[in-house]
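Undergrad: Sequence:
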Amino acid sequence: MLLLVPLGAALVAWPLPGRGLNIMRAITLGLLVLAMAQPTMRLPDRHGVLVVVADRSASMPARAREDQLEAIKQLHGGMDSGDRLAVVSFGRETSIELAPGADRLDEFTGKIDGQHSRLAHALGRALALIPPGKGGRILVLSDGHWTGRDPATVAARAAGGGIAIDHRWMSRTRSEDLAISSLQAPGAVLPGQAFMISGWVNSPRAQEIAYELRR
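In terms of our numbering, the sequence shown is residues 519 to 733.
No wet-lab data here; the hints were simulated from the structure.
The beta carbon of each residue, even a glycine, is placed where N, CA and C say it ideally should be.
Careful, some of the hints might be misleading.
Unchecked claim - Have a look at the derived ranges for each label pair, beta carbon to beta carbon:
#1 A646 with I698: 39 to 45 Å
#2 E588 with L701: 36 to 42 Å
#3 A724 with A646: 46 to 52 Å
#4 S599 with R537: 49 to 55 Å
#5 R690 with Q711: 42 to 48 Å
Start from the sequences and build out the full structure, keeping to the hints where you can.
TA: Encoded structure:
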């Protein structure tokens, strides 16, 4: 780029007849100097860490584990040399099943209590696995049900850091679900007094059911 100084002096000392010719000569010489300098531009790195967040709570369908492991296997198979894969599973607890790297995951090993689904905590752990300033994405494999803190706060923090969160919906079929929507009984009765218990049952279709009342 130092050549611009003597070239600029030459343009002033030996001008061509006509303003248009001088402008064209200046542009041509400037492009030649730029080509000789071989400038480079650093493009954003599209490689990064993909963190899979797998829901292992009891509300997930029966084949959720197999489907999740298959999805993780496919993601691993499509990785480039600069990509890193991590896996986090959750229920009441959160377990890092696979640290960021090029390894594959064949089975979940973390001990998870499936009676809760603390998605917000799992997203927080997933965000912590992505180095600051590096590219990354989070893929949630879940039925969308969660307990505990609202995950929207963590999702907003991820968006602020440029980390996208994708969701693959995985849910069991609800065509045969039966629900007891309400049950009423007297608050107190006398010894030997008859009383009535009433309740509402929601059913998607007409069917016979077996039930048991326990005190």
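Undergrad: Compare the structure with each hint and give your call.
TA: These are the hints, each one checked on the structure:
no. : hint                       : in the structure
1   : A646 with I698: 39 to 45 Å : 41 Å, holds
2   : E588 with L701: 36 to 42 Å : 41 Å, holds
3   : A724 with A646: 46 to 52 Å : 51 Å, holds
4   : S599 with R537: 49 to 55 Å : 54 Å, holds
5   : R690 with Q711: 42 to 48 Å : 43 Å, holds
This entry satisfies every hint, going by the numbered hints stated previously.
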